[in-house]
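Residues per chain are reported as follows:
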Amino acid sequence: MKHTISVLVENHSGVLSRISGLFSRRGFNIESLAVGPTQDPTISRITIIADGNEYTVEQIEKQLNKLIQVIKVKTLTKDECLARELLIAKLSVPADKRSEVMTIAEITGAKVMDLSLTTMTLELCDTYANLKRFEEIIAPYNVIELVRTGTIAISKGADTITAK
Amino acid sequence: MKMTAAQAIVECLKAENIKVVYGYPGAAICPLYDALLDAKDDIKHVLVRHEANGGHAANGYARISGKPAVCIATSGPGAVNLVTAIATAHADSIPIVCITGQVNTDQIGSDAFQEADITGAAEPFVKHSYLLSNPDDLPRVFKEAFYIAGSGRPGPVLIDIPMDVQKAVIDFKYPKSVSIRSYKPTLKGNFNQIKRFVSSLEKAKKPLICIGGGVFASNAQKEICELAKIMQIPVITTMMGLSVFSDDNPLFFGMLGMHGVPVANKAVNDCDVLFLVGARVGDRAVRAPLSIEKTTKILHIDIDPAEIGKNIGVDYPLVGDAKLVLQDMIKLAKPMEHNDWIEYLNSLNKPDEFVKMPKGTVNPREFMFKLSKSMPADTIVAADVGQNQIWTATGYKFKDGGRFITSGGMGTMGYSVPAAIGAKMAAPDRPVMVICGDGSFQMNFMELATAIQHNVPIKIIVMTNNRLGMVRELQTNGYDDRQIAVALDGSPDFIKLADAYGIKSCCVTDDKSMDKAIEFIKNTDELCLVEVVVDEMAKTL
Ligand SMILES: Cc1ncc(C[n+]2csc(CCOP(=O)(O)OP(=O)(O)O)c2C)c(N)n1
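Chains as they are written, first to last, in my numbering: chain A, 1 to 164; chain B, 1 to 541.
These aren't lab readings, by the way, just hints derived from the structure by calculation. None of the hints are false.
Residues from chain A shown here face chain B by an in silico Cβ test under 8 Å; the list is partial:
#1 10
#2 18
#3 21
#4 25
#5 58
#6 59
#7 62
#8 63
#9 66
#10 68
#11 69
#12 70
#13 71
#14 163
Derived contacts from chain A toward chain B, CB cut-off under 10 Å, selection only:
#15 13
#16 65
#17 67
#18 164
The beta-carbon is built from N, C-alpha and C at its ideal position, and this holds for glycine as well.
Only chain A is shown next, with the shape it has when bound in the complex:
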């Protein structure tokens, strides 16, 4: 089972290596990890997508909480959270195939970021599942490079995760 775990941490050097070290030495599987600053410059927020059963997630939460620089840990349930991830893909596209790719972009909501004589670069910001589908759709078009940011997530409605 995949879980979305939000972690508020002190915005200090070393925090990320502590967290990634914790995951590897305790044998927790990370699918993706995304980190960035928040509205409070002293706090960074990490979104981790981790794989495991209920026991594992509980241990992940508790072990994360033991790290001194971790301020708050919360697992967001699928139904209550808004999640997005950015994907950028570079396709090798001959001129006669461009319009075909353009149609795919239009239908999926992807944007063409860059165009060259031989390539097209697309970006798509969407959910994990939709990006996966998108990857399948563009697969036949000679994908020569593909990057993803990892998922970031926030809870729906008025719910917030705060340092307090």
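Position chain B with the ligand against the provided structure of chain A, taking the given hints into account.
Structure of chain B with the ligand alone, referenced to chain A:
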């Protein structure tokens, strides 16, 4: 007040009431040592003979004083040598503050001479660590380090300080209080849950208390003994909880686990409510937690929420400091009786029987037994790792006020001698004994010099079987007795070794010399060594 950061470190140590530090100098930590010279009337520096032993000595000191103790090492090899001690303290939740020198700030990351990324290397084994790059942060960092090491679930904290930072001049003021927004250990237990604890113990027909090292960490020995007495609940301990209960307490049934006594293990299997107090149910303590989970109601107090439900499924979890929780429980507890259950356990309790050993050797458990009968109640026993440790744990009968210390979680050979040095310095009036094997002694006997130099009169007992006994036994039982790399041929004559260090010694080879040696151990107030010759095939249990 303006001073160098190195002088400020000394002021921090004084403010934390640190009287002794264990260390080993080198270039990168010289500024701190220079400042320590000016403070030598307030802070005694003990030069150990290996950094790991400095860490173990601080560990022993911390266990006995109940407060964080300090060790110091230089950068690179000095710091890396400390890692074993940091891991050892971490595994047993012992509060030590480790100070290491580091190369100059502008050299960090350049593979400079004696540069080692010690905060990186020690990361899996610290409760927290700091690489101090801004000298102005120093007072806050030290205040936090001592607080973090000693509060909540205690553990080692590392402060790595570049040489240029040590030399920088700062405006020193030691903070009065600590506030770390992300670190607020839960001390007071949830009262409703405490009530539930008491009522399920009341309903139990065959309740059992299992005590771990957390009881020492929270200084809750008195409380747990009182609760057990009021409710008449039998008690067993893990290796870390050994010596909380006096052996002659009628409620006490010994140590559980792979190397524990049968009655304690039987008690765990047969009880209907198991009350874990500061015990994490490690794999050496309970081999098959799943089978116990199914048949037994489990209550667990721990200050570390992550330990609850980690190794064993729990019916009632309770996060809090054992002492405070037990105080609340005592207030609610009604006197109970469990005569049948206690009688049943007593019927399983076989009296100690000591088989005769080959000529020229003695039965190690008989030696422990007799030794414990003769030593004062408040004796501190530091056991090393191996058969010697288990002989001590199961053969030595602790009395009220006695204390057993050992490397339980990490099982670090070489722990005993330096830890005993630390323990003795924390409690100069109590007898402190080391029990180690001839293998483990050869990992740490260089610390005899430390004990002599700083006049720390510990009593060292070396159980010589000319083998890495516990591994030999493993090979005997699990590998068709195909012994490899367990013979300790080439070991020195330990009596001559004692002579070389100028310390008194004697050797035990039979019953007569055993009795004499026990008198010698009891009555010798200076550093001394006793060799106890044990058969190479002697069993652990
Ligand atoms: C540093 C370290 N290395 C290796 C081991 C593995 N080990 C566990 S017990 C043991 C033998 C200990 O021998 P000795 O000190 O002579 O004690 P005995 O078992 O003979 O009483 C060894 C090698 C260990 N625990 N620690």
